[in-house]
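Colleague: Now for the letters of each chain:
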Amino acid sequence: AQSVTQLGSHVSVSEGALVLLRCNYSSSVPPYLFWYVQYPNQGLQLLLKYTSAATLVKGINGFEAEFKKSETSFHLTKPSAHMSDAAEYFCAASPPGTASKLTFGTGTRLQVML
Amino acid sequence: EAGVAQSPRYKIIEKRQSVAFWCNPISGHATLYWYQQILGQGPKLLIQFQNNGVVDDSQLPKDRFSAERLKGVDSTLKIQPAKLEDSAVYLCASSLRLAGHDNEQYFGPGTRLTVT
Chain A
76 AQSVTQLGSH VSVSEGALVL LRCNYSSSVP PYLFWYVQYP NQGLQLLLKY
126 TSAATLVKGI NGFEAEFKKS ETSFHLTKPS AHMSDAAEYF CAASPPGTAS
176 KLTFGTGTRL QVML
Chain B
5 EAGVAQSPRY KIIEKRQSVA FWCNPISGHA TLYWYQQILG QGPKLLIQFQ
55 NNGVVDDSQL PKDRFSAERL KGVDSTLKIQ PAKLEDSAVY LCASSLRLAG
105 HDNEQYFGPG TRLTVT
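Line by line, the protein sequences are chains A and B. In short: position in the first sequence from 1, add 75, done, that's the working numbering. In short: position in the second sequence from 1, add 4, done, that's the working numbering.
Bound conformation, chain A alone (with noise of 0.2 Å):
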């Protein structure tokens, strides 16, 4: 059974500065690895995923991320923040080969400041 570990409910910067969220999974193959954004009283948006092509993927609003198959980490960067980046994310994990039975991780809340 696969499972997905984020590291911190929540995390503050300032605006300008480097995002970074965690994200670690525990599978016993590499799975497909997915970034959600979640703003207040609306569903998830998907922001960027991992389908076993390029270990570097790029995402909508300038996030970006990295899997690493040594580390079973994929987590979500993008160099400067910007007010409207505050929401809440959640890494999610599915079998490889398909984008069903997601399993998610609990979810980080990126607070912005000025």
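One or more hints might be untrue.
Said to hold, decoys possible - Subject to a maximum C-alpha distance of 30 Å in a straight line, what follows is the list of computed DSSO-like cross-link-like pairs (lysine-lysine):
(1) B/LYS87 <-> A/LYS176
(2) B/LYS48 <-> A/LYS143
(3) B/LYS66 <-> B/LYS87
(4) B/LYS48 <-> A/LYS176
(5) A/LYS176 <-> B/LYS82
(6) A/LYS176 <-> A/LYS133
(7) A/LYS144 <-> B/LYS48
(8) B/LYS15 <-> A/LYS176
(9) B/LYS66 <-> B/LYS15
(10) B/LYS48 <-> A/LYS133
(11) A/LYS176 <-> B/LYS66
(12) B/LYS75 <-> A/LYS176
What the hints assert, rightly or not - Stretch by stretch, here's where chain A covers chain B in the computed footprint (C-beta under 8 Å, at least three residues):
(13) 35 to 47
(14) 73 to 81
Treat the hints as calculated values from the structure; they're not laboratory data. Glycine included, every Cβ here is placed at the ideal spot set by N, Cα and C.
Chain B: place on chain A using the hints.
Modeller: Below, chain B without anything else, positioned relative to chain A:
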């Protein structure tokens, strides 16, 4: 392109009452999912449909939860009777198909259920 629609957006009921949620997926999407998102946790898959057939309902509490997707389009999720621990946001998602590296789930805005 219209997104995944859900109704109602909010619902407050007393424990032991029943409640139903409705979901209309993106047109042409064969796969439909219902998730439960408890406050402070990530979404948990309750049930997954492919057209009008159930693919996975292993995490659905079948003694009180039921779901159907008649005609392979709209879906309803029902809770009867509700318990306090059912308070959560119920998210519906849809995807074009069941598998494939380019498959993507699109989420609706959710229904926030409060059981008092």
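Colleague: For each hint, tell me whether it holds in the structure or not.
Modeller: Tested hints:
1. Restraint check: the Cα-Cα separation between B/LYS87 and A/LYS176 comes to about 26 Å, which is no more than 30 Å; the hinted pair holds.
2. Restraint check: the Cα-Cα separation between B/LYS48 and A/LYS143 comes to about 25 Å, which is no more than 30 Å; the hinted pair holds.
3. With a CA separation close to 14 Å, the supplied pair B/LYS66 and B/LYS87 stays within the 30 Å bound.
4. Pair hint B/LYS48 plus A/LYS176 holds up; C-alpha atoms about 10 Å apart against a cutoff of 30 Å.
5. Of the supplied pair hints, the one linking A/LYS176 and B/LYS82 holds, its CA atoms being roughly 21 Å apart against a limit of 30 Å.
6. For a cut-off of 30 Å, the pair hint linking A/LYS176 to A/LYS133 stands: about 23 Å separates their Cα positions.
7. Pair hint A/LYS144 plus B/LYS48 holds up; C-alpha atoms about 25 Å apart against a cutoff of 30 Å.
8. Restraint check for B/LYS15 and A/LYS176: satisfied, since their Cα atoms lie roughly 27 Å apart, inside the 30 Å limit.
9. Between B/LYS66 and B/LYS15 the CA atoms are separated by roughly 21 Å; this keeps the pair inside 30 Å, and the hint holds.
10. Between B/LYS48 and A/LYS133 the alpha-carbon distance is near 26 Å, which keeps this suggested pair within the 30 Å criterion.
11. Between A/LYS176 and B/LYS66, the direct Cα distance comes to roughly 19 Å. Compliance with the 30 Å bound is thereby established for this hinted pair.
12. Between B/LYS75 and A/LYS176 the CA atoms are separated by roughly 23 Å; this keeps the pair inside 30 Å, and the hint holds.
13. With 6 residues having a Cβ less than 8 Å from any Cβ of chain A, the segment 35 to 47 of chain B passes the three-residue criterion, so the hint holds.
14. Beta-carbon proximity to chain A at under 8 Å applies to 0 residues in the segment 73 to 81 of chain B; the threshold of 3 is not reached and the given coverage is violated.
In summary, the one numbered hint that this structure violates is 14.
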